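A.B. asks: If you want the building blocks of each chain, they are given just below.
Number of protein chains: 2
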Amino acid sequence: MAEDQNPSPNTGGTVQDTLARVTELLRRHRLVEGLVQRQDMPRHDLVETLVHKQNLAELQQILDHLHPADVAYILESLPRDERLLVWDLVKAERDGEILIEVSDAVRETLIASMDSDELLAAAENLDADEIADLAPDLPGDVVSELLRSMEADERSRLQSALSYEEGTVGALMDFEMVAIRNDVSLEVVLRYLRRRDDLPDQTDTLFVVDRDDILRGTLSLRRLLVKDPERIVGEVMREVGVVFRPDDPAREAASAFERYELVSAPVVDADGRLIGRLTVNDVVDFIRAESEAERLGQAGLREDEDLFAPVWNSARNRWPWLAVNLLTALFASRVIGAFEGSIEKLAALAALMPIVAGIGGNTGNQTSALIIRALALGQINEANRSRLWRKEAWFALLNGVVWGVALGLIAFALYQNLPLALVMTAAMMLNFLLAAAVGIGIPLTMHRLGRDPALGTSVLLTATTDSGGFFIFLGLATLILL
Amino acid sequence: MAEDQNPSPNTGGTVQDTLARVTELLRRHRLVEGLVQRQDMPRHDLVETLVHKQNLAELQQILDHLHPADVAYILESLPRDERLLVWDLVKAERDGEILIEVSDAVRETLIASMDSDELLAAAENLDADEIADLAPDLPGDVVSELLRSMEADERSRLQSALSYEEGTVGALMDFEMVAIRNDVSLEVVLRYLRRRDDLPDQTDTLFVVDRDDILRGTLSLRRLLVKDPERIVGEVMREVGVVFRPDDPAREAASAFERYELVSAPVVDADGRLIGRLTVNDVVDFIRAESEAERLGQAGLREDEDLFAPVWNSARNRWPWLAVNLLTALFASRVIGAFEGSIEKLAALAALMPIVAGIGGNTGNQTSALIIRALALGQINEANRSRLWRKEAWFALLNGVVWGVALGLIAFALYQNLPLALVMTAAMMLNFLLAAAVGIGIPLTMHRLGRDPALGTSVLLTATTDSGGFFIFLGLATLILL
Chain A
54 MAEDQNPSPN
64 TGGTVQDTLA
74 RVTELLRRHR
84 LVEGLVQRQD
94 MPRHDLVETL
104 VHKQNLAELQ
114 QILDHLHPAD
124 VAYILESLPR
134 DERLLVWDLV
144 KAERDGEILI
154 EVSDAVRETL
164 IASMDSDELL
174 AAAENLDADE
184 IADLAPDLPG
194 DVVSELLRSM
204 EADERSRLQS
214 ALSYEEGTVG
224 ALMDFEMVAI
234 RNDVSLEVVL
244 RYLRRRDDLP
254 DQTDTLFVVD
264 RDDILRGTLS
274 LRRLLVKDPE
284 RIVGEVMREV
294 GVVFRPDDPA
304 REAASAFERY
314 ELVSAPVVDA
324 DGRLIGRLTV
334 NDVVDFIRAE
344 SEAERLGQAG
354 LREDEDLFAP
364 VWNSARNRWP
374 WLAVNLLTAL
384 FASRVIGAFE
394 GSIEKLAALA
404 ALMPIVAGIG
414 GNTGNQTSAL
424 IIRALALGQI
434 NEANRSRLWR
444 KEAWFALLNG
454 VVWGVALGLI
464 AFALYQNLPL
474 ALVMTAAMML
484 NFLLAAAVGI
494 GIPLTMHRLG
504 RDPALGTSVL
514 LTATTDSGGF
524 FIFLGLATLI
534 LL
Chain B
54 MAEDQNPSPN
64 TGGTVQDTLA
74 RVTELLRRHR
84 LVEGLVQRQD
94 MPRHDLVETL
104 VHKQNLAELQ
114 QILDHLHPAD
124 VAYILESLPR
134 DERLLVWDLV
144 KAERDGEILI
154 EVSDAVRETL
164 IASMDSDELL
174 AAAENLDADE
184 IADLAPDLPG
194 DVVSELLRSM
204 EADERSRLQS
214 ALSYEEGTVG
224 ALMDFEMVAI
234 RNDVSLEVVL
244 RYLRRRDDLP
254 DQTDTLFVVD
264 RDDILRGTLS
274 LRRLLVKDPE
284 RIVGEVMREV
294 GVVFRPDDPA
304 REAASAFERY
314 ELVSAPVVDA
324 DGRLIGRLTV
334 NDVVDFIRAE
344 SEAERLGQAG
354 LREDEDLFAP
364 VWNSARNRWP
374 WLAVNLLTAL
384 FASRVIGAFE
394 GSIEKLAALA
404 ALMPIVAGIG
414 GNTGNQTSAL
424 IIRALALGQI
434 NEANRSRLWR
444 KEAWFALLNG
454 VVWGVALGLI
464 AFALYQNLPL
474 ALVMTAAMML
484 NFLLAAAVGI
494 GIPLTMHRLG
504 RDPALGTSVL
514 LTATTDSGGF
524 FIFLGLATLI
534 LL
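So the protein lines, in turn, are chains A and B. Under my numbering, the first residue of the first sequence is numbered 54, with each subsequent residue one higher. Under my numbering, the first residue of the second sequence is numbered 54, with each subsequent residue one higher.
Keep in mind the hints are simulated off the structure, nothing from the lab. Every value quoted in this text rests on a predicted model; they were computed, and no experiment measured them. Heads up, the beta-carbon is just placed ideally off N, CA and C, and yes, glycines get one too. One or more hints might be untrue.
Claimed, not checked - So the derived label-pair ranges between C-beta atoms look like this:
id, chain 1, residue 1, chain 2, residue 2, range
1, A, R504, B, R244, 52 to 62 Å
2, B, R443, A, R504, 33 to 43 Å
3, A, D70, B, R291, 14 to 24 Å
4, B, D168, A, R443, 40 to 50 Å
5, B, S209, A, A446, 45 to 55 Å
6, B, V458, A, A205, 55 to 65 Å
Working from the sequences, and respecting the hints, build out all of it.
C.D. replies: Here it is in structure tokens:
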């Protein structure tokens, strides 16, 4: 997208203010509709109502002056019926760029409301990499029609963009790079740029290629501006620093952008030929999407949920996790069931056992949160792994002594039963050790198996510390007390 | 930092490979030291050992060729003693920029190993905004000495940078903006730039000011390069779009950068005077730090932990949360204690009660994760709040029917006790409703009180669904079964 194509970002007030205004206009619109329905006026007369038209006209005007990202935000914040009403008011030529901006869940509802011609028209204003982002949500016939109608160049870009797996550099990159030759003078480059009307967004660097399109270096606009125009590109360019391949993991690219404070970087194929670029904005979107997926994933949500989605969609999203948790809870329940005889004799056991299990879960989750973070940063290796185990083992022992004794005292204060208090202390100590072991072991194992330890560690860990905590406490109690 | 000051980012292999090489050299170094110690050789002779010198020389060479961010990464990945050995090998003039890059916990250990003169020397190579980032970790006398030795201009920048609260734009901004006047031609601007040796990193845009330093617009380098040099800045510049004040929340600035795909943006004071700039790299660091603080905060960790910190540091970081959880667990335990009579008569209650409590906690956390996300995006307002409550209430009822009946059947299969199975179903239904209510209510309330709902919601919620679940289940059982 070129610099001037879109209305400026909102400056008077925040987008939240705009949302409030839009909501108010929609409310008034509903009032009028309600009035009309109660008077049994036919629906097409409604369109003639003056007030009604005024509201929609004002709404339309607001939308026309909003940045596509702001329109997307408003669409996401509205319940379905009002969302589709607003969507109808958006000018058709802006549909494409707004579809790019909305969340997956909302995009589905918008696309479902459009026919093939509208979708084709929307996609026409987009670049190949943007169409590739939309493609999974588009009907198959629309995608093949799009491919048919494209020029060969653009079609091959779209096809390659579609071929990269999610989570790779290829899936994030775009094709709007500006390439220059290494054997010309800066003056020539300056003249070449001046002949263009504008440069692509986020162009901070020109990519220098030789006659075979092999990437030879980069020339930042900053350098181009301060160096003597008589000099040759090859002399003033930087040798290539950070370069990506399309199948590099996006996560590693994001670290490189953060670490080296990049704005854009070239992407090359196996032969070193320049094929695209990655920009910091793609990276920011990726980082945000990743941390969001992780946050939702920790609560066992498979995907972002449209806040106003029908109850059945929520069930599809949330139930698999509930089912898993139900199974682990049933297992823990059976562990307790095995000791029902002991509990009948000493009901205090039932009251104390959730403390042992719960605190174990908490401390295990603390350990695993630190391990997951260190794994994400690549800070754990063969050399320091054993130190890590040792440190956490010592810490678990310290925890066991301090908190185990504290809980033993509390148990004694409550039940005046010394053996019970000692069982409590011993069980806490053992469950702290178990929690440390699974808090390190589970994320390390998942990492070794190539799975993301941020997802699923918590449920496995809590299942272990719960069932383990019940077993340790009730088992010790049965051995010692009864 | 200027473009050429630092060695290029690592190109041959990843920084993980470098870490492996460093670790290997350190291991060999330790072997030599161990050998020397066993032979009772005096320590200063050791320095003369040839092998030993070779290892350290190779290590030094590797470090000299690393980007400061990569050195920081290696320091973070090493245990304390080896970390300090490597830190001693880093060239003194690079100390400052590396201190900026390391995590807070590791920075503390490095600063503790340096004396005042070393710290002063390290800070000398930094900009005011970077010194402001370091200042909280520096000894007071070093900071005042630094202020004394600075030029008036730089000192007032540092003082203002120090005055902004964490989490504001002021705390993130830097002062390396390039400002131009609106009444000169592009040709003059081009000549002005060429007289400079280089432009600051992340300069994609020049800020246009009038003679009173009031910000009038922005001129991107891209535009400067493509427009006719005869034209006047005021004609080709863009009217100011996104502008920040130093006391704007950093979180809002980050959203604006994401939404409008910015690379840099001006910061102005109350009179509209240009005082600094915000870059996308500051924003990326902020986003990453925020999501990390949230991830750690969810596990009740107050701060990032140095993986190899002494056990006592870990205790300081982790125990406050354990103490809170202990209190909520004790409360839940007392709820159970109140029903010990019932449990003595029917021990099956003790085995079934954790299922009711646990599933309630899971479903409540799912709801709150979605609400927290929607709050962070600003998508919840007066108008849609009641819809949200209604939707979640319906979903809780659906959950209650489906999962409540399923668990009732399981309970019946296990204990062949129909009233017990009915109590199970009813308790699940009620706890699902409770979970939905607190899953929405807690984050909304925290948000209204101006607190971050991502932190603390989980512990409050689980405390409620645990104690509530036990109370509902055991209470119903006592009323109906006994």
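A.B. asks: None of the hints should be skipped; say for each whether it holds.
C.D. replies: How the hints compare with the structure:
1. R504/A to R244/B: 52 to 62 Å: About 57 Å separates the Cβ atoms of R504/A and R244/B, which means 52 to 62 Å holds.
2. R443/B to R504/A: 33 to 43 Å: 38 Å, holds
3. D70/A to R291/B: 14 to 24 Å: 23 Å, holds
4. D168/B to R443/A: 40 to 50 Å: Given a distance of about 32 Å, which is not inside 40 to 50 Å, the answer is violated.
5. S209/B to A446/A: 45 to 55 Å: Distance hint for S209/B, A446/A holds at roughly 52 Å.
6. V458/B to A205/A: 55 to 65 Å: 60 Å, holds
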